[in-house]
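There are 2 protein chains.
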Amino acid sequence: MVKYIESKENNKIKHAASLKESKYRKEYGEFLAEGKKALELALSAKNVKEIFTLKALENIPNDITQYVVKPDLLKKISLTGSPEGIVFVSQIVERKPKRLNKVVYLDHVNDPGNVGTIMRTALAFSYDAIILSEGSCDPYNEKVVSASKGAIFQLPILRAELSEFCKDKTVIVSALNDKAKDLKELETPKSFILVVGNEASGVSKETLESADIVTKIDINNIDSLNVAVAAGILMNHLR
Amino acid sequence: MVKYIESKENNKIKHAASLKESKYRKEYGEFLAEGKKALELALSAKNVKEIFTLKALENIPNDITQYVVKPDLLKKISLTGSPEGIVFVSQIVERKPKRLNKVVYLDHVNDPGNVGTIMRTALAFSYDAIILSEGSCDPYNEKVVSASKGAIFQLPILRAELSEFCKDKTVIVSALNDKAKDLKELETPKSFILVVGNEASGVSKETLESADIVTKIDINNIDSLNVAVAAGILMNHLR
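If you read the protein sequences in the order shown, they are chains A and B. Just so we're on the same page, the working numbering is the position in the first sequence counted from 1, plus 78. Just so we're on the same page, the working numbering is the position in the second sequence counted from 1, plus 78.
Note that these hints are calculated values from the structure, not bench results. Each hint should be verified, as a subset may be incorrect.
Same chains, same label: a pair holds when it works inside one copy or across any pair of copies.
Only pairs whose alpha carbons sit at most 27 Å apart, straight line, appear in this in silico DSSO-like list of lysine-lysine [claimed, not checked]:
hint, residue 1, residue 2
1, K294, K115
2, K114, K86
3, K153, K221
4, K283, K115
5, K221, K115
6, K221, K98
7, K221, K101
8, K115, K257
9, K114, K294
10, K114, K283
11, K221, K154
12, K98, K153
13, K81, K127
14, K259, K245
Use the sequences and the hints to build the structure in full.
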């Protein structure tokens, strides 16, 4: 169904714009995403509530309303100014992981670009889920959604503390620690949880204490790698 | 030497603010950087022209002027609002690479965050230089500088076309091509140039034609990895 909206005061626009804020995402259980590719993935996950677009799109199921709007209205609800002219609302779905043998755990990872990029990589390497600690950024933040390139519609996303998952899994913690084992020497355990830490301070002391294996990527000249790059190298090795 | 600036119309402030634009960076051969860590690395590379700070810093060589300013002035020249209260001007230096055996080449990589992150990774893996094609983003853009975490002060950065470097090197191109060889099977050549491509369209046709080896990272479920993550995995393998 295609409808037209012209007023900035329209309730649908106001509602969508409110989803830029974390508290409203929580209240309504919904979030915003943008672009053609993300829309494709969201449609195939049957997770599109409504679409705001500059011109009506083809091949959209009839029970999803497309609101055709002017560029200034789209800007109000878009993060990037939406070069592709498509913003849509999806529901926050608790996707139950089929198994939890290969999991990446984010310990206070703050930057939404990093969190989204790690989601994208985790999906590409067929990880079973991504788990975010309290203190990691909101996974439905628009910047996370954008950087995830649609992975957010496929990858199970959990919020939990590490201790809930430690028991029956090998906990592998990435830390630039003198005693850390070089990643190259690491074999992939049958069931594991890979932990990466905060951009500035790394993993917490407690996390380090619950590690079965501490590992590091051998680097020179500089203190550390970007956390999304490090996570990518780790996940590529630990398949 | 410590001086104080209070006026927004001060020429030093105006000059520094102008460096947010590419054309003035080119005209003056200077760029802006921020933060304590970057300052340390810039100082050790002897590449700090002047510093703008909320309060005078210790251990700064006396021939470098520190301008102490109010937060609103610092904001004018800062990208991030400078949480650490330090912005400084450095010179664009053509650092001659000692050798060119291990080089990463960016073919139309546009996103400044990605370019800066690749610099950081290239330095961490002791690459000899990073080369940017025409059409890749300005390496002295503030967002590149920020994401490079100081690597910009140590890594030789060149602007050139791939053809200038092809002759005596193995050209390894990363592309999600059916004929591409799995990265895992690749041995590191003695002298090589690793090419990664544009975020949306990958490497150009021409680039693909000049490849000695085309390689890809084995992924599932999703079209591609983030280019900085892919470059990280490739550089970690090709050491």
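- request: Of all the hints given earlier, name the ones this structure violates by number, lowest first.
  value: none
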